[in-house]
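S.K.: Okay, here's what each chain looks like letter by letter:
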Amino acid sequence: MKLFSNERPEIPIAHHTKEDGSAWTIKEKLWLGLSVTEYKKQFFRNPVNWFMIMLFAIGIPLILGRYAFGLGWVTHASNDYPWGLFLGFGLFGMVPLSASGFMLGTTVELFGRKDFHSIERLALLNGLLGYFFAVVFLEIDLGMPWRLPYPMFVSLGPAAVLFLVAWHVATYLSVQIAEVLPAFFEWIGWLKGKRIIRRYVLGLTVAGIILSTLHQGALGALFTYAPAKIHPLWISSNFTWIHFFVSSIFGGLSMVIIASTLIKNFMGWRCDDEFKDNLDYVTIGMAKGASLAMITYLVIKLVAVAHDQEWTYLLTGWGSYYMLELGVAVVLPMFMFAFGVRNNWVTLIRVGAFIAAIGIIWNRLNTALVCFNWQMYQEIPHWKEVWITVTIYALYFLTYRFIVYRLPIVYEWKGEK
Amino acid sequence: MQTRKKIMRTALALTTGAILFAPGHLFAMDASDAPETVTIDSLAKYYTPVEFDHLMHVGYASCEECHHHTTGVQVADPNCLRCHANTPEADEVSCVGCHAADRFNDTYLSTLDDPRIYHIDKPGLKGAYHLNCIGCHVIIEGPTGCQDCHAMTEAGEKLFNTGKHAPAGGTSSGAKH
Amino acid sequence: MKKLNRRSFIKGGLATTAAVTVLKEKKSAASGDFDNYPEGMGVIVDLTRCVGCRSCEAACNKEQNLPEPEVPFDDFSVFDYMHHGEKRRTDETAYTIVNRYNPPEIDHPLFRKVQCNHCNEPACLTSCFVNAYTKTPEGAVIYNAKVCVGCRTCMVACPFYIPAFKYSSAFKPQIMKCIFCYDTRLKNGEPPACVEACPQEALTFGRRKDVLKIGKQRIRETPGKYVDHIYGEHEVGGTAWMYLSSVPFDKVGFDTHVPKEPIINSVKEFLAMVPMVLTIWPGLFVGFHLLATRKDKVREMEKEAELKKTKENDEKEEQA
Numbered sequence: 001m002k003l004f005s006n007e008r009p010e011i012p013i014a015h016h017t018k019e020d021g022s023a024w025t026i027k028e029k030l031w032l033g034l035s036v037t038e039y040k041k042q043f044f045r046n047p048v049n050w051f052m053i054m055l056f057a058i059g060i061p062l063i064l065g066r067y068a069f070g071l072g073w074v075t076h077a078s079n080d081y082p083w084g085l086f087l088g089f090g091l092f093g094m095v096p097l098s099a100s101g102f103m104l105g106t107t108v109e110l111f112g113r114k115d116f117h118s119i120e121r122l123a124l125l126n127g128l129l130g131y132f133f134a135v136v137f138l139e140i141d142l143g144m145p146w147r148l149p150y151p152m153f154v155s156l157g158p159a160a161v162l163f164l165v166a167w168h169v170a171t172y173l174s175v176q177i178a179e180v181l182p183a184f185f186e187w188i189g190w191l192k193g194k195r196i197i198r199r200y201v202l203g204l205t206v207a208g209i210i211l212s213t214l215h216q217g218a219l220g221a222l223f224t225y226a227p228a229k230i231h232p233l234w235i236s237s238n239f240t241w242i243h244f245f246v247s248s249i250f251g252g253l254s255m256v257i258i259a260s261t262l263i264k265n266f267m268g269w270r271c272d273d274e275f276k277d278n279l280d281y282v283t284i285g286m287a288k289g290a291s292l293a294m295i296t297y298l299v300i301k302l303v304a305v306a307h308d309q310e311w312t313y314l315l316t317g318w319g320s321y322y323m324l325e326l327g328v329a330v331v332l333p334m335f336m337f338a339f340g341v342r343n344n345w346v347t348l349i350r351v352g353a354f355i356a357a358i359g360i361i362w363n364r365l366n367t368a369l370v371c372f373n374w375q376m377y378q379e380i381p382h383w384k385e386v387w388i389t390v391t392i393y394a395l396y397f398l399t400y401r402f403i404v405y406r407l408p409i410v411y412e413w414k415g416e417k
Numbered sequence: 001m002q003t004r005k006k007i008m009r010t011a012l013a014l015t016t017g018a019i020l021f022a023p024g025h026l027f028a029m030d031a032s033d034a035p036e037t038v039t040i041d042s043l044a045k046y047y048t049p050v051e052f053d054h055l056m057h058v059g060y061a062s063c064e065e066c067h068h069h070t071t072g073v074q075v076a077d078p079n080c081l082r083c084h085a086n087t088p089e090a091d092e093v094s095c096v097g098c099h100a101a102d103r104f105n106d107t108y109l110s111t112l113d114d115p116r117i118y119h120i121d122k123p124g125l126k127g128a129y130h131l132n133c134i135g136c137h138v139i140i141e142g143p144t145g146c147q148d149c150h151a152m153t154e155a156g157e158k159l160f161n162t163g164k165h166a167p168a169g170g171t172s173s174g175a176k177h
Numbered sequence: 001m002k003k004l005n006r007r008s009f010i011k012g013g014l015a016t017t018a019a020v021t022v023l024k025e026k027k028s029a030a031s032g033d034f035d036n037y038p039e040g041m042g043v044i045v046d047l048t049r050c051v052g053c054r055s056c057e058a059a060c061n062k063e064q065n066l067p068e069p070e071v072p073f074d075d076f077s078v079f080d081y082m083h084h085g086e087k088r089r090t091d092e093t094a095y096t097i098v099n100r101y102n103p104p105e106i107d108h109p110l111f112r113k114v115q116c117n118h119c120n121e122p123a124c125l126t127s128c129f130v131n132a133y134t135k136t137p138e139g140a141v142i143y144n145a146k147v148c149v150g151c152r153t154c155m156v157a158c159p160f161y162i163p164a165f166k167y168s169s170a171f172k173p174q175i176m177k178c179i180f181c182y183d184t185r186l187k188n189g190e191p192p193a194c195v196e197a198c199p200q201e202a203l204t205f206g207r208r209k210d211v212l213k214i215g216k217q218r219i220r221e222t223p224g225k226y227v228d229h230i231y232g233e234h235e236v237g238g239t240a241w242m243y244l245s246s247v248p249f250d251k252v253g254f255d256t257h258v259p260k261e262p263i264i265n266s267v268k269e270f271l272a273m274v275p276m277v278l279t280i281w282p283g284l285f286v287g288f289h290l291l292a293t294r295k296d297k298v299r300e301m302e303k304e305a306e307l308k309k310t311k312e313n314d315e316k317e318e319q320a
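Chains as they are written, first to last, in the working numbering: chain A, 1 to 417; chain B, 1 to 177; chain C, 1 to 320.
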């Protein structure tokens, strides 16, 4: 995206001071150093924004309608399928794709792999936004969204898996905010705040691992409450939580590969040389990690089928669907990753990451919707439900873009840090 | 035809019974001891009382089919016979004598775990009526619809949202999902 | 600050331990066990007695102040109602419904009443993260709309598809489900409205252990009348409402594949793992960190030593 003319070499902003030595104000930083007219011009030049406007023109009224007339107005109000797309996609799909924060936080801060430093902040941001928007989706879906803090402070049901999810997602969201804050502090120029956070980075990282292991797993464990409703191939009281956790590892990594690919191609002006030069290297590194997680996942999937004696199910139609899912969503991208890593073929890895990320969502939708009530009818989500889901996802995309445009995520802040 | 056959069969059974088990059945009642009609109204609330034509029903069933062992007539159920082979006529033969209207009251229910009580499964009065009547009506194809025996009252129409209280239609929302 | 010094290590460790302690406390009750109430009440539903008169539906509707039905309660066309190939189910307008089945084994239809089965270890209760459900000593599983968040996990967890959600309401939605007439009757020692309304005594109310005995007595003393099974005696750990049938239960709409143990047992595998992760992970990963960054530190020390050496050499050279 050619955004900035050659006459304005000071843009994009990566420093506290302008060329002439005066300081950028926060407001100027927010407008990317452009005048309002310039900003508008570049905004409407982008066809993506036109698409967004059309999406929101219908999506926002639908969301307002959901709060005015109830869930029954935008969904099929199904008692048999209590969870639809908002949770099936928004919570169960978004959260594994946001495991990137803890994955790369661990790699860089805990294992000391400094060579992945250039992607760390993007991974952290990807994690933070994914979780935040999972909560946004939850706020759409909850019957009484204004009671979100109830499980924390009002009425506690500590024996429930969802209690663990709620606490861990809330805590982890705070951890991730803390992890992304240094970039924000650099940008606004409050270095004391950055130093404070830096001091606790190891604690935050370890907390991230614990919380992630548990709540990624817990999302899977939620489905073990319905052992008789979900097709046996997709549920196992012993292994589902491990499946969810392990698949979140390659899900999160794939999502970072996707985000970095989009940023590199459409936001090249924002990336600094360190990010651009290192990207192929870190992409290959992440693909290596992802393919290892995938083979682990496949093995545990197999173990689950063997442990629960479900071989005969594999011969049914559901079994074919199960193998199709594993084949397209895991085995195919796994080979693409492996082949890409071996031959330094980064484009193949990037395509593989797209497939793997969609595969994760497919798996979560299978567990939550398709194979749920497998002996009953199939619920097809209401069009309004689909539209709202896409709208919220677009909002996620816009927020993502807004932050990457500004904060030092894919570039190094040139001013004081 | 069926009716006559049934009467004949019952009479035959009674006679045979009387002959075979004469000593224990000296005081057995017979149909002539019964009232011609019984007004069943103790539970009437949603339905009108039932004018029960006892005399007519005597033609369809023998005493013990409805009154069990209480009339002194030998019961047929082998399970009952284990205790009631020689039970004489009871003081009370009406349904309500044994079958309580408030069969599920807590005091009664709390006595049920006494292991000496055999009749833990004795229906309440309403159950006794309906199980007995409908049970037989189904077999001999007598009337089985609710209002075949008792018409619905105003209170009943209110309870069932029918008649005068029928729903206007399409009022309930969110149902059937 | 990339370097891990002693102080930051201890700090990090402390923060994690604190987090663990806080979280552990929250999870200590995670076993999902709670007392069974031996004196709890129950109902045995005898399918061979039910004539499908829908009196229970009507009585429930009035007792619980539910919305006016779409069709009168003496309209039997509802038995033919199908939605997505399924017979009627409980929803926000009905806590109980009766469905008709025509099993090929017998020449007359059977009717099955559906309502909350009031499990001994209810899945709705154990899955609820705001404690909105309570199993009362009287045997009822009741619901508190005041704390419910509307996440609908209970609906996912219920193996009998009982809880329904008031989807039609934007500002006061809640779970709608049979509560055994707890507020108005059960806690005063009275039977629920449906039981009282049943003309056939197809619903027999009493202590759960007593009605179970009654059910067994009926099976034993009327050989051939019933299948030798009481649905709900062991299903999902036992339910307060149980069923007797003359045909196999799967022929009259029952899910015979529900586990024989409480639903929470299939979640326990995960719950048991939680404290392990909470206690082992911090030490394990801080250890990993120390191991992984050891090389860097050695390298740094070497560098420092080298610097010193070159400095010394420089000094020596200067002196020379």
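Check before you lean on any hint, since a few could be wrong.
In silico lysine-lysine, BS3-like type, Cα no more than 25 Å apart, as pairs [what the hints assert, rightly or not]: (1) C/Lys187 - B/Lys126; (2) C/Lys187 - A/Lys114; (3) A/Lys194 - C/Lys297.
Which stretches of chain A does chain C cover? Using the computed rule of at least three CB atoms under 8 Å from a CB of chain C, they are [claimed, not checked]: (4) 78-89; (5) 155-162; (6) 213-221; (7) 224-231.
On the chain A side, residues computed to face chain C include the following (Cβ under 8 Å) [stated by the list, open to error]: (8) Phe111; (9) Gly112; (10) Ile210; (11) Trp241.
No wet-lab data here; the hints were simulated from the structure.
Predicted model only: the values in this text are computed from it and were never measured.
Glycine included, C-beta positions come from ideal geometry on N, C-alpha and C.
S.K.: So which hints don't hold here, by number, going up?
M.R.: Number 2 only.
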